[in-house]
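From first to last, the protein sequence lines stand for chains D and H.
Here our numbering is used: position 15 in the first sequence is 15, and no number is missing along the way.
Here our numbering is used: position 56 in the second sequence is 56, and no number is missing along the way.
Hints were generated in silico from the structure; no laboratory data involved.
Here a beta-carbon is modelled for each residue, glycine too, at the ideal position from N, C-alpha and C.
Any given hint could turn out to be false.
As the list claims (entries may be wrong) - Dumping the calculated EDC-like pairs for lysine to aspartate or glutamate here, alpha-carbon to alpha-carbon at most 20 Å:
{"id": "1", "chain 1": "H", "residue 1": "Lys-55", "chain 2": "H", "residue 2": "Asp-65"}
{"id": "2", "chain 1": "D", "residue 1": "Lys-50", "chain 2": "H", "residue 2": "Glu-103"}
{"id": "3", "chain 1": "D", "residue 1": "Lys-97", "chain 2": "H", "residue 2": "Glu-63"}
Stated by the list, open to error - Some chain H residues near chain D, calculated using beta-carbon distances under 7 Å:
{"id": "4", "residue": "Ser-43"}
{"id": "5", "residue": "Leu-44"}
{"id": "6", "residue": "Asn-102"}
{"id": "7", "residue": "Glu-103"}
{"id": "8", "residue": "Phe-106"}
{"id": "9", "residue": "Pro-108"}
{"id": "10", "residue": "Gly-109"}
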Amino acid sequence: QQPVQSPQAVILREGEDAVINCSSSKALYSVHWYRQKHGEAPVFLMILLKGGEQKGHEKISASFNEKKQQSSLYLTASQLSYSGTYFCGTDWFGNEKLTFGTGTRLTIIP
Amino acid sequence: GAVVSQHPSWVICKSGTSVKIECRSLDFQATTMFWYRQFPKQSLMLMATSNEGSKATYEQGVEKDKFLINHASLTLSTLTVTSAHPEDSSFYICSARTSGVNEQFFGPGTRLTVL
Numbered sequence: 001q002q003p004v005q006s007p008q009a010v011i012l013r014e015g016e017d018a019v020i021n022c023s024s025s026k027a028l029y030s031v032h033w034y035r036q037k038h039g040e041a042p043v044f045l046m047i048l049l050k051g052g053e054q055k056g057h058e059k060i061s062a063s064f065n066e067k068k069q070q071s072s073l074y075l076t077a078s079q080l081s082y083s084g085t086y087f088c089g090t091d092w093f094g095n096e097k098l099t100f101g102t103g104t105r106l107t108i109i110p
Numbered sequence: 001g002a003v004v005s006q007h008p009s010w011v012i013c014k015s016g017t018s019v020k021i022e023c024r025s026l027d028f029q030a031t032t033m034f035w036y037r038q039f040p041k042q043s044l045m046l047m048a049t050s051n052e053g054s055k056a057t058y059e060q061g062v063e064k065d066k067f068l069i070n071h072a073s074l075t076l077s078t079l080t081v082t083s084a085h086p087e088d089s090s091f092y093i094c095s096a097r098t099s100g101v102n103e104q105f106f107g108p109g110t111r112l113t114v115l
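Work out the full structure: start from the sequences and follow the hints.
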């Protein structure tokens, strides 16, 4: 029942774009996106609430497709600091209990 | 704002001993705190949810008598790993949220190594 993320890993050159997908087997109330660097705690990126909204700030944005039970994270003009493992956290019942996805390891090279 | 701290950041203990990990919200009142465990190269797995002043709710497969959680105040929750064994070695991370806010703020994590 853990949300499945794709791709599992991706290597990009600085300045390239990336899309990370998160697919849930259940209807979603909200999706939370985090980035985690090795040995550190996850850092919050954004939340998307039920309603199909799209959010973004600077070069990171995300969409939420309720019908498909999916969310996608878009990274444009990637920077070296974007490297890390990205996790989606799905809240299925609106109780803020998150089930984290399988993770996507992003490596940005100069 | 919204800073969560954990103590200790790492701990090494002998098999059979108990270890206590503290999670504090420094600049907000945490009505709910969550405890996660993360094994190397794996995702975070929710262990339990604790609300201030009430008993913690454990996820399926998590032994409540082994992982004791106390949320005695709006800024502090503790996780005690009792009779720790090598298989309990993991990265333990807490997160906290306050009423009316959807975001969860994560602590820096505690790396537990049981010898």
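Checked hints:
no.: 1; hint: H:Lys-55 - H:Asp-65; result: holds (12 Å)
no.: 2; hint: D:Lys-50 - H:Glu-103; result: holds (14 Å)
no.: 3; hint: D:Lys-97 - H:Glu-63; result: holds (18 Å)
no.: 4; hint: Ser-43; result: holds (5 Å)
no.: 5; hint: Leu-44; result: holds (5 Å)
no.: 6; hint: Asn-102; result: holds (5 Å)
no.: 7; hint: Glu-103; result: holds (6 Å)
no.: 8; hint: Phe-106; result: holds (4 Å)
no.: 9; hint: Pro-108; result: holds (5 Å)
no.: 10; hint: Gly-109; result: holds (5 Å)
The structure agrees with every numbered hint stated previously.
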